[in-house]
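Student: What follows is the residue order along each chain.
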Amino acid sequence: MKTLRRLARDRALLAGVVIISLLVLAAIFATPLATFPSHVSSFDPSHRLAPPGGSFWLGTDRMGADIYSRLLFGARLTILISISATAIAVAIGVPLGLLAGYYDRWFSDALMRVSDVFLAVPQIVLAIAIAQTLGPAIQNVILALSATYWPFWARIVYAETRSLRNEVFIEAAVAMGASPLRVMVMHVLPSNASSIIVRTTIGMGGTILAAASLGFLGLGAPPPTPEWGRMIAESREFLPQAWWYATAPGIAILLVVMGFNLLGDGLRDAIDPRIRRGAGRG
Amino acid sequence: MRLIALALRRCLWMPPTLLGLTLIVFSVSHIIPADPARVLAGENAPIEQVEALRHRYGLDLPLPQQFLRYVSDVVHGSLGTSLYTQRPVIDDLLERLPATFELALYAIFLAILLGLPLGVVSALKRNSWLDHAVRLVTITGLAMAAFWLAILLQLLFSMEWNLTPVQGRIDGWGPDPITGFYTVDTLIRGDFPMFFSALRYLFLPMITLAIPATATIARFTRAGVLNVMNSNFVFYQAAMGLPRRVVIWKYILRSALIGTLTQIGLVFGNLLAGAVVVETVFSWPGLGTFAYNSILQSDYNAIMGFTLFTGSVFIGVNLLVDIAQAVLDPRGR
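Heads up: the sequence lines are chains A and B, in that order.
Each step along the first sequence adds one to the number in the numbering used here, with nothing skipped, and position 241 is 241.
Each step along the second sequence adds one to the number in the numbering used here, with nothing skipped, and position 16 is 1016.
In case anyone wonders, no lab produced these hints; they're calculated from the structure.
Predicted model only: the values in this text are computed from it and were never measured.
All residues carry an ideal CB built from backbone N, CA and C; glycine is no exception.
Possibly wrong hints are sitting among the right ones.
[To be verified] Not the full set, but computed from the structure, chain A residues with beta-carbon under 10 Å of chain B:
#1 L33
#2 P37
#3 L80
#4 D116
#5 I128
#6 A212
#7 T247
#8 G250
#9 G259
Kindly generate the complete structure, drawing on both the sequences and the hints.
Tutor: So this is what it looks like as structure tokens:
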């Protein structure tokens, strides 16, 4: 309860929650909220590149499609990509980190060296290479992102598990005859949960940015998918006249990533008492 | 002694890490459905010509053998020939390296210049309006898509106000390379009009890369200063009656800045990553555009060369940072 009350008082965290809720609502109710729901796949060349105002709240694009409506459907895509990519990365990274951290065998070192390899180049470079190889499609973007981002979770869980291994409560569980699997899942994992949650929240923002970059470079979902990054790429031909074209999707990306970052920061502050705001001697 | 051991151990790990990296990128790039021999020979080339090219580049060998061949070439100092430019990949990379380094160095310099004081002030005046403003700016800077920021800047500075060029690196051909940094080369030759031209082209990509970097540095500096301010030894110094100014300058800042230093490696990695996207938007003739083009053209050797090269630079920078930190922080010795 105390934690909940503290969370509610944190305005930055609250802003994050509001932004993400709006994103989720936009994605769920895209069809009723959109002013031109059909504009996701069809278009209307007679209203090509119309400025914002009138019936087109945020203007139209090169095909005459309503940008506001496309943004709403793009929210679905953004959620789909970021949740699936992060979920796969967590599903790979967390068990690997647990195993490598709990046991001190050859594979512990091997895992760390493998993650070194993945972290030796900027994530986006590997993701671009993988996405290009597999071809432009949503599932390939998801695959490329999860394949490059899992080491972050493996690292965190590994480090935390290592430091927990010699704690008394773990020893107690082992002494009571709990199987290694049970110790890892029932005792070690819950103690890691807070850092996994924080990392995952911030990771969601990261994957959204990376997915948008892939879309921008033409490696994302093929047109006419309303992908935010691709919308910005399309707008470049029509600058500076169609200034609204790139503005709206860019702001959408900015807000959503900011929402996840605010939420992640807020959760970390709430969980880690050392950096709790206003609590220190400073 | 410990320093040398640390450096040695890290250097020993570098070859296996790079080998692993080569293996990953090799596997990824060789499942590309496109046939580079066909691409090279041209759409309508006779099949014999395609086969000849395939044989010439060893593309007809089994994959493990192709991999071993590549690794042995790398060990002998060759990154192979670019299928697209028909030049040694290492030459292409070295030719483009100065453009990216010039851009990255200016950006990181600007980021440190802005980010450090912002972070320090924000921590010292914690919870003031200034602190809130800095935190809002940093959180925005970290959430912005670099390519979008680049386009916004082009829209404002180049198209609306006509202050800077939209794309490119310099007017005309650029100076004959001495250092390869246009802003330095033009100054050495005393060619001031070209110097200002280089600066004008540099401005927008530099700002685009510097904004997220500034945000990262300001954030870590703020957290670092706060952390030190709450630590026991600062509490002790204050209890001993040392004036606050002395405590801040002599104890807090010194410790906090060492912490920020470790983040420079991370920031540098982000800059290299950002460069791939930002360089393509600004047509900046650096490693980023090179990597992007080679990936689009399925140019195996170029892709692997770039990845290995970036990987080595990245590992090297992190090693330097670790050594610098060990040297600067007496507690780590």
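Student: Tell me if G250/A is really an interface residue toward chain B, meaning its C-beta lies closer than 10 Å to one of theirs.
Tutor: holds (4 Å)
Student: Mind checking the CB of L33/A against every CB in chain B and telling me if the closest is under 10 Å?
Tutor: violated (23 Å)
Student: Under 10 Å, Cβ to Cβ, is where G259/A needs to be relative to chain B, so tell me if that hint holds or is violated.
Tutor: holds (8 Å)
Student: Does the CB of P37/A sit less than 10 Å away from some CB of chain B?
Tutor: violated (26 Å)
Student: Is the interface hint satisfied for D116/A? The criterion is a beta-carbon contact with chain B at less than 10 Å.
Tutor: holds (5 Å)
Student: A closest beta-carbon separation below 10 Å is what the hint needs, so does A212/A meet it against chain B?
Tutor: The hint holds - A212/A has a Cβ within 10 Å of chain B, the shortest such distance being about 5 Å.
Student: Have a go at the T247/A hint: is there a Cβ in chain B nearer than 10 Å to its own Cβ?
Tutor: At 8 Å from the nearest chain B Cβ, T247/A passes the 10 Å test, so the hint holds.
Student: Would you check whether L80/A satisfies its interface hint, that is, whether its CB is within less than 10 Å of any CB in chain B?
Tutor: Check failed: Cβ of L80/A comes no nearer than 18 Å to chain B, outside 10 Å.
Student: Holds or violated: the hint that I128/A contacts chain B, with Cβ atoms closer than 10 Å.
Tutor: Holds. Min distance 6 Å.
Violation of the numbered hints given earlier is confined to hints 1, 2 and 3; the remaining hints are satisfied by the structure.
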